[in-house]
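Engineer: So the protein sequences, as listed, match chains L and F. Under the working numbering, the first residue of the first sequence is numbered 1, with each subsequent residue one higher. Under the working numbering, the first residue of the second sequence is numbered 1, with each subsequent residue one higher.
Source of the hints: derived by calculation from the structure; they are not laboratory data. Possibly wrong hints are sitting among the right ones.
[Claimed, not checked] If you want a taste of the chain F side facing chain L, the calculated C-beta under 10 Å gives, among others:
1) Pro3
2) Leu42
3) Leu55
4) Gly71
Cβ atoms here follow ideal geometry from the backbone N, Cα and C, with glycine treated the same way.
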Amino acid sequence: MKRWEATAENGDFVTEDDLNWELVKNKVKSLALNNNGQMIKLPDNCEYIQGKTASATIGSNKIDVESRFVGIILGNKTIKIRVDEKTNDIQIEIEDETNHLHSSRRKENSN
Amino acid sequence: MKPITYIVQDGKKIQINYLDAKSSTFGMVAPFESSQTNIIQLYVPDAAAITNIRLALINTGGIVFGNSTFGIDTRSFIDLNVVPESFFQGVSNKSVNSPYNIKISNLNRSSSRYVYLNVNIPIGQEFIGGTIRYQWLFDYA
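Build the full structure now, drawing on both the sequences and the hints.
Structural biologist: Below is the structure:
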């Protein structure tokens, strides 16, 4: 199971199976990415983002999820923790206002 | 989620399934000639928003790749007179992080800007003419 999991300001536990992110994104006090049981938890009480990177060949009416990420916005920087959908590689991305990308990687064993 | 690729033909946007190098979309292209320009656009109607749109060239359709062969440009409007002056610098081989992927800005929350594509066949190269494949990459929440 791969999904984002959040605790809302009112204490409710919500996941992407329950709610559209747009409905909850401004009411989240903690956010984690559940990667088949491996929990990637972000610091509490931040401004959060989450999403997936998809690919689609022209003409195909379906997408492949290539990776998914959770992250926080700190000032003019966005920090994302990205997990490759197939390999479970974890990548840390830091983007600043000029969209310059810094990253570091480590190999993560899949269960 | 069902992404749609439009192509502009006769002033209208129609949904397409592929871009063929030899017959329909790029037209017949002889060595040392440029093809007609195709204007395409990504539209993802069932996403609240898409971001970080990129286009990858993943199959050259039998055309030998050169760094001034596969033209690409973008605009926020349709202009039939635009001829791409930038080019793919490599074949991406379906890699999300390929340096050859071209960043495409949004036109609105669910659409890309219009992407202008053409093909320039280098002189002295054989043109086989197959299906050129491009791949969209994008983020969604």
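Engineer: Against each hint, give a clear statement of whether it holds in the structure.
Structural biologist: Hints and how they fare:
1. Pro3: Hint holds; Pro3/F Cβ to chain L Cβ min 4 Å, cut 10 Å.
2. Leu42: holds, 8 Å
3. Leu55: holds, 9 Å
4. Gly71: Given a least distance of 16 Å, the restraint on Gly71/F is violated.
Violation of the numbered hints given earlier is confined to hint 4; every other hint is satisfied by the structure.
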